[in-house]
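With the hints as your guide, set chains B and C onto chain A.
Protein chains in written order, with the working numbering: chain A, 163 to 194; chain B, 4 to 223; chain C, 30 to 277.
FYI, nobody ran anything at the bench for these hints, they're computed from the structure.
Please note that a few of the clues may not be correct.
Unchecked claim - Covered stretches of chain A (in silico footprint by chain C; criterion: 3 or more residues with CB under 8 Å from a CB of chain C, positions within the stretch not fixed):
| id | segment |
| --- | --- |
| 1 | 163-169 |
| 2 | 180-190 |
What the hints assert, rightly or not - No farther apart than 20 Å at their CA atoms in a straight line, the calculated lysine to any residue pairs in the SDA-like style are these:
| id | chain 1 | residue 1 | chain 2 | residue 2 |
| --- | --- | --- | --- | --- |
| 3 | B | K14 | B | V204 |
| 4 | C | K250 | A | I182 |
| 5 | C | K250 | A | S164 |
| 6 | C | K250 | A | N183 |
| 7 | C | K250 | A | Y180 |
To be verified - For the chain C half of the interface with chain A, some residues (derived, Cβ under 7 Å), not all of them:
| id | residue |
| --- | --- |
| 8 | D65 |
| 9 | V67 |
| 10 | Q68 |
| 11 | A70 |
| 12 | V71 |
| 13 | I77 |
| 14 | L127 |
| 15 | I134 |
| 16 | L227 |
| 17 | L229 |
| 18 | L244 |
| 19 | A247 |
| 20 | K250 |
On a predicted model such as this, the values are computed, not experimentally measured, just so you know.
The C-beta atom is built at its ideal place from N, Cα and C for all residues, glycine as well.
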Amino acid sequence: MSYVIAGYLCSAVVLASYAINLILRHRRGGSR
Amino acid sequence: MFRDALLVAKKDLRIELRSRVLLGQVLPFAVACLLLFALALGPDRDFLRRAAPGVLWITMLFAAVLAAQRSAGVEDDDGARDRLILSGLDPAGIFLGKALAVTLQLLALALVLTAGTIVLFGATPSSWWPLAVAEILASLGLGFTSVLYGSLAEGTKLRETLLPLLSLPTVAPILIAGTKVYAASLSGAGVPAAWLGLLAVFTLAYGAVGVLLSGALQET
Amino acid sequence: MEEQIAKRRWVSVVGILAAISLLGTVIMGLWVTPDDAVQGAVVRLVYIHPPMAWVALYLAFGLSAVASLLYLWPRTRNDRWDALAASAVEVGVVFNGLTLLTGAIWGRDTWGVWWTWDARLTSTAILLLLFLGYMAIRRIPADPEIRARRCAIMAIFAFVDVPIVHFSVLWWQTLHQSATVLNAKLHPTIHGSMAWTLLLGFVAFTLLFVWMVALRFAIEKRQASQARSELDEAIRERRAETSEQSAS
Numbered sequence: 163m164s165y166v167i168a169g170y171l172c173s174a175v176v177l178a179s180y181a182i183n184l185i186l187r188h189r190r191g192g193s194r
Numbered sequence: 004m005f006r007d008a009l010l011v012a013k014k015d016l017r018i019e020l021r022s023r024v025l026l027g028q029v030l031p032f033a034v035a036c037l038l039l040f041a042l043a044l045g046p047d048r049d050f051l052r053r054a055a056p057g058v059l060w061i062t063m064l065f066a067a068v069l070a071a072q073r074s075a076g077v078e079d080d081d082g083a084r085d086r087l088i089l090s091g092l093d094p095a096g097i098f099l100g101k102a103l104a105v106t107l108q109l110l111a112l113a114l115v116l117t118a119g120t121i122v123l124f125g126a127t128p129s130s131w132w133p134l135a136v137a138e139i140l141a142s143l144g145l146g147f148t149s150v151l152y153g154s155l156a157e158g159t160k161l162r163e164t165l166l167p168l169l170s171l172p173t174v175a176p177i178l179i180a181g182t183k184v185y186a187a188s189l190s191g192a193g194v195p196a197a198w199l200g201l202l203a204v205f206t207l208a209y210g211a212v213g214v215l216l217s218g219a220l221q222e223t
Numbered sequence: 030m031e032e033q034i035a036k037r038r039w040v041s042v043v044g045i046l047a048a049i050s051l052l053g054t055v056i057m058g059l060w061v062t063p064d065d066a067v068q069g070a071v072v073r074l075v076y077i078h079p080p081m082a083w084v085a086l087y088l089a090f091g092l093s094a095v096a097s098l099l100y101l102w103p104r105t106r107n108d109r110w111d112a113l114a115a116s117a118v119e120v121g122v123v124f125n126g127l128t129l130l131t132g133a134i135w136g137r138d139t140w141g142v143w144w145t146w147d148a149r150l151t152s153t154a155i156l157l158l159l160f161l162g163y164m165a166i167r168r169i170p171a172d173p174e175i176r177a178r179r180c181a182i183m184a185i186f187a188f189v190d191v192p193i194v195h196f197s198v199l200w201w202q203t204l205h206q207s208a209t210v211l212n213a214k215l216h217p218t219i220h221g222s223m224a225w226t227l228l229l230g231f232v233a234f235t236l237l238f239v240w241m242v243a244l245r246f247a248i249e250k251r252q253a254s255q256a257r258s259e260l261d262e263a264i265r266e267r268r269a270e271t272s273e274q275s276a277s
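For reference, chain A alone in the conformation it holds in the complex (with noise of 0.2 Å):
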């Protein structure tokens, strides 16, 4: 079951800050 949760986990926090990384490059370049 660990490694499930690490499954979970990793994916979790990779897409997690794939994400936050695409809205702060979303907000951060040119007037909204």
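Leaving out everything else, chains B and C in the frame of chain A:
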């Protein structure tokens, strides 16, 4: 288109004959690869025999990368590339011609490598024709991809390091199919029609892509 | 202006739906669904691993290929297709990497090894390399049009390879003579609540993909227009300089 192709093929082959890059550099490199693999994989003759198919085809792939760089590099000097474009030759013909030249060089290489693995690795096929067909198809397929990726990476300063990264994953199916055919012919197992079919599909697909995109490629 | 607001709202809606369905998948996957009879708890990875693979391999690759074709075909040529292709590839790389990671974890739990030469994992690895090739080409400094054309061509080269790689790796794996435990595929039998959760997983990750590509696309377009206006600005300044010089 085919007339232009023959023209370009003859040109590239004539350049090759005069400069002897294949003879003087690629061939020795390939033989060196065989030796290095033999050294790395140990002196156990049985194991070497089983490893021979992989060794041959990996070496073919590496040599194809060199051939790709060479094929694209032939027109590096003196604005030869621009002149080739302005010559009005059909871009598809240029693609096919260069691919044909590379194919013939790779076929020659395949012959040498096969002889090499038979001698050095003790890997004598029990039936020749599947391997022969595979090597012809693969050389043609590699010829197509070499010219395609060569012209894609052309004009960029990073051609030497970029080309392997681009082309090696793409030709993985050739590696897989080729080794399977060779292994089957070593063990005397049945004729692997599926693998030969795969090689044919690969070669056809990239030939078609090359012909269709040759115009767009020229504009990069 | 209205168009921009409308588009942004659409994207936000997708984003929220994605978040909700992802949360639902996690809850269902980790708590509600039962363990598998054969594989035990590790089967819960089936709710995220195959969906991510589907997104990475089919959605991302397919989208980049279609967009690239549209870019190359003269009648539909438009910078937005290049931006879309590049966005799809970048997001695809992320999903691709995660597919490999979750696949490795699955293999580790089931068979004790970090890597199995499972057909799908191996194909995914090769396709990841193709994606990376695209991104490498994209990083080469070049005229935007030339870069776009190169990338589009690369995307098509890679896409043509996808079915061929799939079959060659599949046969490589399944036609292997000596059957070992590692030959077993990561395919458990799915029924009941598991099936619904799996479906939810597919929907969730698809929505996530769409949202991410939309964001990335907007970023790409803005970068392109910024680069263009910087270029125009530089040209204008240069012209101003030279007209000053000729005046004086």
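Open item on the list: Given a cut of 7 Å on the nearest C-beta pair, is the interface hint for Q68 of chain C held or broken against chain A?
Closed with: violated, 11 Å
Open item on the list: For a C-alpha distance cap of 20 Å, please report whether K250 of chain C and N183 of chain A respect it.
Closed with: holds, 17 Å
Task: I134 of chain C as chain A interface residue, shortest Cβ-Cβ below 7 Å - done: Since the shortest Cβ distance to chain A is 4 Å, the answer is holds.
Open item on the list: For the restraint on L229 of chain C, tell me whether the closest CB of chain A is nearer than 7 Å.
Closed with: Violated, about 14 Å.
- [ ] Report holds or violated for the interface hint on I77 of chain C, using the least CB-CB distance to chain A and a cut-off of 7 Å.
- [x] holds, 6 Å
Open item on the list: Please check whether L127 of chain C passes as an interface residue: C-beta within 7 Å of a C-beta belonging to chain A.
Closed with: holds, 5 Å
TODO: Using Cβ atoms only, decide whether L244 of chain C comes closer than 7 Å to chain A, and label the hint accordingly.
DONE: Interface hint status for L244 of chain C: holds (4 Å vs cutoff 7 Å).
Task: Annotated coverage of the segment 163-169 of chain A by chain C, confirmed only when three residues or more have a Cβ within 8 Å - done: holds (count 6)
Task: Distance restraint between K250 of chain C and S164 of chain A, which requires alpha-carbon spacing of 20 Å or less - done: Roughly 42 Å separates the two Cα atoms, so the pair is violated.
Task: Restraint satisfaction for A70 of chain C [CB to CB of chain A, less than 7 Å] - done: It holds, given that the least Cβ distance between A70 of chain C and chain A is near 4 Å, below 7 Å.
Task: Straight-line alpha-carbon gap K250 of chain C to Y180 of chain A, limit 20 Å - done: The hint holds at about 18 Å.
- [ ] Sort out whether V204 of chain B lies within 20 Å of K14 of chain B, counting only the CA atoms.
- [x] Violated. K14 of chain B to V204 of chain B sits at ~28 Å, over the 20 Å cutoff.
In summary, the numbered hints that this structure violates are 3, 5, 8, 9, 10, 16, 17, 20.
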